[in-house]
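Number of protein chains: 2
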Amino acid sequence: MASVTIREVAELAEVSIKTVSRVLNNERYVKEETRKKVENAIHKLGFVASIPARRLASGQSYTIGLIFHNASWHYIQDVQKGVMETAHQYGYSTLLHPCDITSENNAHGIMNLVYQKQVDGFIFTPPADNAKGLILELKNIQFPFVRLTPMDRESQLPYVSATDKQGAFDMTMYLIQLGHTRVGYIIGPQEQRAAHDRFAGYTDALQEAGIRFDQSIVMQGDDHFESGYSAASKIVSLQNRPTAIFCNNDEMAAGAMSAIFEAGLKVPEDISVAGFDNIPLSRQIWPPLTTVEQPISEIAEMATKHLIALLRGEEVECLHCNIPTRLVIRKSTR
Amino acid sequence: MASVTIREVAELAEVSIKTVSRVLNNERYVKEETRKKVENAIHKLGFVASIPARRLASGQSYTIGLIFHNASWHYIQDVQKGVMETAHQYGYSTLLHPCDITSENNAHGIMNLVYQKQVDGFIFTPPADNAKGLILELKNIQFPFVRLTPMDRESQLPYVSATDKQGAFDMTMYLIQLGHTRVGYIIGPQEQRAAHDRFAGYTDALQEAGIRFDQSIVMQGDDHFESGYSAASKIVSLQNRPTAIFCNNDEMAAGAMSAIFEAGLKVPEDISVAGFDNIPLSRQIWPPLTTVEQPISEIAEMATKHLIALLRGEEVECLHCNIPTRLVIRKSTR
DNA sequence: CTGAAAGCGCTTACAG
DNA sequence: CTGAAAGCGCTTACAG
Chain A
1 MASVTIREVA ELAEVSIKTV SRVLNNERYV KEETRKKVEN AIHKLGFVAS
51 IPARRLASGQ SYTIGLIFHN ASWHYIQDVQ KGVMETAHQY GYSTLLHPCD
101 ITSENNAHGI MNLVYQKQVD GFIFTPPADN AKGLILELKN IQFPFVRLTP
151 MDRESQLPYV SATDKQGAFD MTMYLIQLGH TRVGYIIGPQ EQRAAHDRFA
201 GYTDALQEAG IRFDQSIVMQ GDDHFESGYS AASKIVSLQN RPTAIFCNND
251 EMAAGAMSAI FEAGLKVPED ISVAGFDNIP LSRQIWPPLT TVEQPISEIA
301 EMATKHLIAL LRGEEVECLH CNIPTRLVIR KSTR
Chain B
1 MASVTIREVA ELAEVSIKTV SRVLNNERYV KEETRKKVEN AIHKLGFVAS
51 IPARRLASGQ SYTIGLIFHN ASWHYIQDVQ KGVMETAHQY GYSTLLHPCD
101 ITSENNAHGI MNLVYQKQVD GFIFTPPADN AKGLILELKN IQFPFVRLTP
151 MDRESQLPYV SATDKQGAFD MTMYLIQLGH TRVGYIIGPQ EQRAAHDRFA
201 GYTDALQEAG IRFDQSIVMQ GDDHFESGYS AASKIVSLQN RPTAIFCNND
251 EMAAGAMSAI FEAGLKVPED ISVAGFDNIP LSRQIWPPLT TVEQPISEIA
301 EMATKHLIAL LRGEEVECLH CNIPTRLVIR KSTR
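Heads up: the protein sequence lines correspond to chains A and B, in order. Take the first sequence: its letter number 300 is residue 300 in the numbering used here, and every next letter is one higher. Take the second sequence: its letter number 227 is residue 227 in the numbering used here, and every next letter is one higher.
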């Protein structure tokens with residue numbers, strides 16, 4: 001366990017430790033011959049640099065904190081993948097930090113990561129970015145962060161979103177073109193920006209098609225399966241029920257389908273169902289779900305690149321990015 | 001950004017930095033009065049200790065590496081939750097390390113985490129533990145690790161498993177008691193210990209019930225939806241098809257159900273389907289899936305506690321733990 | 001292109 | 001119960 005240090009490498013290579021450090025960090029201004037000597041010594045001794053030492057000496061953690069709400073482990077999966085892969089590619093680690101956004105003192109835990117020097121920057125997923133005070137504090141001390149689909153869109157702060165409104169508009173139009181004139185809707189949680197945007201896309205499409213908005217076939221959900229199930233149960237039992245239901249996300253759409261089946265009806269024969277997100281679940285239920293693809297990994301990747309650029313003090317192309325969505329037509333609609 | 005250090009706290013409290021360190025680490029032998037003075041100073045200055053400094057000085061990372069196969073982000077979710085929560089509870093961080101077990105040099109990346117002093121111990125999820133050379137190397141240098149459901153069960157090395165064989169036995173018996181005499185089976189990937197154990201539970205149950213094992217209604221799968229789908233497609237088109245299909249995991253069971261529906265048959269009226277794991281998906285398909293609950297979070301929690309005990313040099317109760325499974329009866333069987 | 005010195009902010013090992 | 005010294009293994013800032 002007594003591991004090799006930079007000092008031993010320097011001795012063997014007959015250079016100073018600073019020169020070894022230069023080679024390790026790929027700095028310029030090292031004579032090719034010297035570099036070779038050092039590399040040989042490193043190889044011979046099986047030297048691997050200590051990350052904690054580097055972190056302490058440099059004052060940087062080379063780590064990105066990914067902040068998300070406890071309750072959204074599912075949504076977080078693709079984000080996690082996108083962030084971790086991109087971060088790794090640029091030599092950064094990722095620190096996952098699930099937290100309870102409903103708790104008053106979650107900001108404390110997050111600020112501690114800063115003061116403990118565990119992270120150099122943050123990525124926030126919704127609705128973890130709703131903590132106003134926290135965001136303000138980070139902004140004040142100029143600590144870098146990028147948010148995913150944040151609620152407020154103050155123009156100074158960077159964020160990455162999907163084209164949620166357009167996506168929902170497209171899907172609603174698709175349903176209308178299929179001949180549906182009564183399209184029900186299950187809304188997502190109010191604290192999420194995307195829920196508002198998607199709903200707006202739905203109402204815009206109705207308007208454009210000249211269809212009157214009908215409040216009675218619109219229900220509030222919370223993005224979980226159960227709420228899709230119960231909302232759809234109510235919609236299905238309506239006197240004049242819709243011929244299609246569009247849900248804020250795939251999980252609620254799956255819940256809606258279960259409710260429809262339980263009521264003895266068929267999808268899509270009796271009612272068409274559409275979702276949003278294109279998570280694996282949407283392919284794993286029967287019939288496979290028509291949905292709007294939200295390229296979560298891509299969003300996460302973009303956000304990570306943006307953050308790393310900030311950390312490196314590089315120029316950033318777009319302060320606010322909107323990644324396009326696209327329709328995925330499967331068998332739950334007709 | 002010029003943050004407060006232990007030195008400034010010591011000055012304000014009029015003690016040595018060592019005493020501040022004692023208070024920070026909750027060591028005994030600090031006079032109550034001194035402790036108060038230090039705590040006041042900490043509070044007044046808003047001091048937060050630097051983690052990288054602590055790591056370098058102590059030679060410990062207080063971090064657990066969670067090693068899993070790239071391709072199993074889904075399975076990993078509950079493991080991740082269990083490990084992270086338990087680790088956090090004991091003051092440890094978690095470093096996620098997805099890797100490609102099929103790659104020859106994945107061992108290198110993992111050993112680097114050790115040499116870079118990024119982690120104090122590992123938890124391996126299957127099939128990430130199949131790298132024989134790596135396991136041997138870790139064992140040789142006595143680096144602590146705990147494996148989840150490992151393939152080999154060398155008695156020296158700690159692991160945590162579920163009672164996979166018993167669980168599959170119970171489910172098969174349940175199906176037989178329901179009146180099924182022809183129960184098909186979709187096997188899991190050969191590189192997974194659990195796949196072997198579960199299949200053994202199935203054959204044991206058949207034997208105990210005096211039912212002849214029929215190779216023709218047993219198919220090989222790989223735990224993914226698609227393989228469940230294609231295996232079930234074949235089973236369904238058999239002349240003398242079974243009246244029930246038991247799958248190595250829930251995802252394949254969902255795939256099997258889709259294949260059955262596509263063939264114009266009904267679940268459970270024409271064919272009963274059962275899975276294993278009890279992942280969220282099992283409740284989100286219709287009809288909801290009868291399955292065997294594998295308490296993944298609990299397994300992960302147990303493994304983490306075990307590992308931390310090793311790190312602390314504490315006694316460990318059970319070197320090899322087997323967490324019990326239980327039947328979850330829903331509507332996909334009758 | 002290379003190096004000597006100082007320091008990052010803690011803990012360890014020892015002494016009292 | 002408390003402290004002075006040394007050191008963890010690197011990087012920074014500066015000098016040449």
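It is worth saying that the hints were derived from the structure and are not from the lab. In this text the structure is predicted, and so the values were computed from the model without any measurement. Be careful, since some hints might not be right.
[What the hints assert, rightly or not] Quick list of the computed label-pair ranges, beta carbon to beta carbon:
| hint | chain 1 | residue 1 | chain 2 | residue 2 | range |
| --- | --- | --- | --- | --- | --- |
| 1 | A | 311 | B | 140 | 50 to 56 Å |
| 2 | B | 17 | A | 314 | 16 to 22 Å |
| 3 | B | 33 | A | 310 | 20 to 26 Å |
| 4 | B | 220 | A | 327 | 34 to 40 Å |
[Claimed, not checked] Pairs of lysine-lysine, DSSO-like flavour, derived with a Cα cap of 30 Å:
| hint | chain 1 | residue 1 | chain 2 | residue 2 |
| --- | --- | --- | --- | --- |
| 5 | B | 266 | A | 234 |
| 6 | B | 37 | B | 18 |
| 7 | B | 117 | A | 36 |
Don't be surprised by glycine CBs; every beta carbon is placed ideally from N, CA and C.
Do the hints match the structure? See the list:
A hinted range of 50 to 56 Å is violated for the C-beta pair residue 311 (chain A) and residue 140 (chain B), which are about 38 Å apart. In this structure the supplied range 16 to 22 Å is violated for residue 17 (chain B) paired with residue 314 (chain A), their Cβ-Cβ distance being about 38 Å. Between residue 33 (chain B) and residue 310 (chain A) the C-beta distance comes to about 46 Å, which lies outside the given range of 20 to 26 Å. Taken as a hint, the range 34 to 40 Å holds for the pair residue 220 (chain B) and residue 327 (chain A), whose Cβ atoms sit roughly 36 Å apart.
Proposed proximity of residue 266 (chain B) and residue 234 (chain A) is supported: the alpha carbons are some 26 Å apart, at most 30 Å. A C-alpha spacing of about 14 Å is found between residue 37 (chain B) and residue 18 (chain B), which places the hinted pair at or below 30 Å, so the restraint holds. A C-alpha spacing of about 26 Å is found between residue 117 (chain B) and residue 36 (chain A), which places the hinted pair at or below 30 Å, so the restraint holds.
In this structure, the hints that do not hold are numbers 1, 2, 3, in rising order.
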